[in-house]
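> The chain contents come next:
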Amino acid sequence: MSEDLFEEDRISVAERVAAEALIIDVDGFEGPLDVLLTLSRTQKVDLRQISILELAHQYLAFVEKVKVLRLELAADYLVMAAWLAFLKSRLLLPPDPTEEGPSGAELAAHLAFQLERLQAMRDCAARLMGRDQLGRDFFARGQIEVVERVKKVTYTASLLDLMQGYARIRTRDDFRPFILDRESVFTMEQALERMRGLIGYAGDWTDIVSYLPEGWENDPVKRRSATAATFAASLELVKEGHLEIRQTESFAPIQLRKRT
Amino acid sequence: MSEPVEKKEESLFEAAPMGEQERMIEAVLFASAEPVTVRELEARMPHGCDAAEALVHVRKLYEGRGVNLAKIGDAWAMRTAPDLGFLMQKETVETRKLSRAAIETLAIIAYHQPVTRAEIEEIRGVSVSRGTVDQLLEMEWIRFGRRKMTPGRPVTFVVTQNFLDHFGLENARDLPGLKELRSTGLLENRPPPGSVPGPGDVDEDDERNEGQSELFED
Amino acid sequence: MSEPVEKKEESLFEAAPMGEQERMIEAVLFASAEPVTVRELEARMPHGCDAAEALVHVRKLYEGRGVNLAKIGDAWAMRTAPDLGFLMQKETVETRKLSRAAIETLAIIAYHQPVTRAEIEEIRGVSVSRGTVDQLLEMEWIRFGRRKMTPGRPVTFVVTQNFLDHFGLENARDLPGLKELRSTGLLENRPPPGSVPGPGDVDEDDERNEGQSELFED
Chain E
1 MSEDLFEEDR
11 ISVAERVAAE
21 ALIIDVDGFE
31 GPLDVLLTLS
41 RTQKVDLRQI
51 SILELAHQYL
61 AFVEKVKVLR
71 LELAADYLVM
81 AAWLAFLKSR
91 LLLPPDPTEE
101 GPSGAELAAH
111 LAFQLERLQA
121 MRDCAARLMG
131 RDQLGRDFFA
141 RGQIEVVERV
151 KKVTYTASLL
161 DLMQGYARIR
171 TRDDFRPFIL
181 DRESVFTMEQ
191 ALERMRGLIG
201 YAGDWTDIVS
211 YLPEGWENDP
221 VKRRSATAAT
231 FAASLELVKE
241 GHLEIRQTES
251 FAPIQLRKRT
Chain C
1 MSEPVEKKEE
11 SLFEAAPMGE
21 QERMIEAVLF
31 ASAEPVTVRE
41 LEARMPHGCD
51 AAEALVHVRK
61 LYEGRGVNLA
71 KIGDAWAMRT
81 APDLGFLMQK
91 ETVETRKLSR
101 AAIETLAIIA
111 YHQPVTRAEI
121 EEIRGVSVSR
131 GTVDQLLEME
141 WIRFGRRKMT
151 PGRPVTFVVT
161 QNFLDHFGLE
171 NARDLPGLKE
181 LRSTGLLENR
191 PPPGSVPGPG
201 DVDEDDERNE
211 GQSELFED
Chain Y
1 MSEPVEKKEE
11 SLFEAAPMGE
21 QERMIEAVLF
31 ASAEPVTVRE
41 LEARMPHGCD
51 AAEALVHVRK
61 LYEGRGVNLA
71 KIGDAWAMRT
81 APDLGFLMQK
91 ETVETRKLSR
101 AAIETLAIIA
111 YHQPVTRAEI
121 EEIRGVSVSR
131 GTVDQLLEME
141 WIRFGRRKMT
151 PGRPVTFVVT
161 QNFLDHFGLE
171 NARDLPGLKE
181 LRSTGLLENR
191 PPPGSVPGPG
201 DVDEDDERNE
211 GQSELFED
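Protein chains in written order, with the numbering used here: chain E, 1 to 260; chain C, 1 to 218; chain Y, 1 to 218.
Hints are computed from structural coordinates only; laboratory data are not their basis. Among these hints, one or two may not hold up.
DSS-like mimics (lysine-lysine), calculated; alpha carbons at most 30 Å apart, straight line [stated by the list, open to error]: (1) E:Lys152 - C:Lys71; (2) E:Lys152 - C:Lys97; (3) Y:Lys60 - C:Lys71.
Turn these sequences into a full structure, and let the hints steer you where they fit.
If you want it as structure tokens, here you go:
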């Protein structure tokens with residue numbers, strides 16, 4: 001308390017008035033850095049020559065005032081106060097060579113940089129807003145003309161399209177009879193369905209021929225179709241990881257077994 | 001903002017030079033959403049200005065330019081020069097593939113010309129929409145041929161020079177026959193689902209060659 | 001409709017004379033309130049036109065006039081001369097009053113771009129409210145830039161063409177006082193002493209410088 005009083009005495013009347021004005025205005029501040037920048041103006045020097053120690057004093061005094069008036073201060077104001085108190089001690093005490101971390105002078109220099117940068121940005125903002133502005137000082141065309149979008153569609157086709165189109169029509173007729181001939185076609189889908197039901201029992205290597213559907217072995221056309229479909233279906237099941245397939249040499253029987 | 005106010009006060013005592021008045025006219029007419037009357041111009045310009053005279057100068061200045069000064073009723077506005085109206089259109093060209101129906105119709109006309117609509121429908125197995133034929137006519141890929149000497153004298157369709165140019169053909173007879181299509185693998189690409197090509201195709205070829213040669217004789 | 005098409009085709013063989021091209025530039029720019037890019041100009045002008053060259057002539061032509069040709073980023077627009085703003089009280093648009101926080105945030109983004117929200121907060125010493133950034137985004141004065149290559153890949157903010165247009169800037173490099181700020185080191189991203197420079201920080205610095213130089217260069 002006695003130290004506080006001692007400090008109070010060192011603050012001039014003008015500063016005290018300024019500090020009171022600050023307190024009244026505390027809601028209007030944009031955070032501790034804003035307060036520090038405002039306080040720094042009382043030093044009436046270039047920001048580059050500002051005394052950070054003095055500024056720390058001023059800020060701490062400001063926080064004390066607020067406390068005396070029992071006003072609530074946001075946490076970040078108090079954090080800044082604590083940090084400035086720390087900085088003050090660093091600046092006042094001779095540097096301890098055993099202590100780690102940045103020196104008081106470095107911390108002070110950075111705070112000075114921050115203040116200068118904030119001030120610079122405020123100046124920039126003011127200069128920016130002071131420029132001639134569109135719709136206030138200079139103007140865009142009032143009577144704009146709508147740009148009409150004209151969409152032009154052109155159609156193309158290649159000779160290939162044409163020929164394929166023609167082939168498509170003509171082959172529709174060609175293939176009509178063969179659609180009727182589906183009796184002797186055993187599809188891969190059919191084979192797959194059949195195989196899925198059977199592989200559960202295929203523990204040992206078994207000739208693929210034994211998987212052919214019944215009644216398809218004798219007619220050569222039917223057999224060919226069934227063999228092809230069954231072989232294709234086997235490959236599919238191998239791919240899916242349900243089956244293993246082998247052939248010991250060319251034209252040797254193809255054998256299947258369940259994958260374990 | 002402060003400078004112009006000064007100018008305004010100055011002009012209470014002495015009218016702005018004509019060059020300045022022209023600048024003002026330009027600026028006001030440019031920024032205004034509506035045509036502006038002489039009276040309004042003068043109300044907006046500093047005291048002592050002669051908008052009517054300045055307008056004459058500005059009008060001359062913009063003569064033959066990309067924008068002109070136009071009088072609309074008793075008001076003035078800047079307008080795009082009439083011959084540059086085309087710049088106010090943004091043309092986007094979109095290239096689309098011809099529909100399947102149009103390609104098939106076109107192919108039938110090319111291979112069987114001259115061919116009637118009824119014949120096209122018979123070959124395609126479906127009716128040919130008016131729109132499809134109109135589109136091909138509009139593209140100038142087909143045109144009307146001679147009428148058939150059959151009852152009802154139906155019109156026929158033939159392909160045009162444009163068609164031949166587009167597809168790089170000298171003659172419609174250069175179109176490959178079915179056999180050639182097959183040898184290039186074009187036919188195998190599109191078997192009807194579930195069908196297997198068989199030996200029956202050969203006959204078909206003969207028939208169509210015969211048919212075509214007959215059609216192209218004239 | 002048919003005439004312009006003809007013209008367009010003609011120009012495939014011979015570009016329009018420069019005087020004609022200037023007229024076209026005038027017509028297109030007078031018709032638009034928004035800046036128009038060279039690319040768009042050329043897309044609308046007949047084939048073979050050199051919009052960039054014609055623009056140089058048009059700019060000269062309108063120097064000192066009531067309306068001037070302004071370059072905004074890589075686009076061009078006609079704008080009334082700033083000293084004639086007093087004539088346009090009728091056209092004046094009341095811009096939304098920006099808060100001090102918004103104005104400062106805007107300035108920081110303009111001078112430090114690309115800049116993250118954390119960096120803005122570091123400079124202002126307070127957190128940036130969502131509303132402030134939203135307002136600037138809504139006015140289309142700022143937009144999102146590339147993400148920073150630092151941990152968390154934070155988004156950055158940069159100013160837009162609308163911003164340049166509004167403040168009559170040709171380029172972000174023309175921001176008032178930018179050069180002095182750079183020479184005094186006030187635009188550097190200086191980490192507080194004692195903060196452990198991790199590998200991320202180094203990257204950040206590199207990226208930031210690269211990003212900025214890119215933005216401020218042509």
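> Each hint needs a verdict: does it hold in this structure or not?
Do the hints match the structure? See the list:
no.: 1; hint: E:Lys152 - C:Lys71; in the structure: violated, 35 Å
no.: 2; hint: E:Lys152 - C:Lys97; in the structure: holds, 14 Å
no.: 3; hint: Y:Lys60 - C:Lys71; in the structure: holds, 27 Å
Hint check: a violation occurs at hint 1 only; the rest are consistent with the structure.
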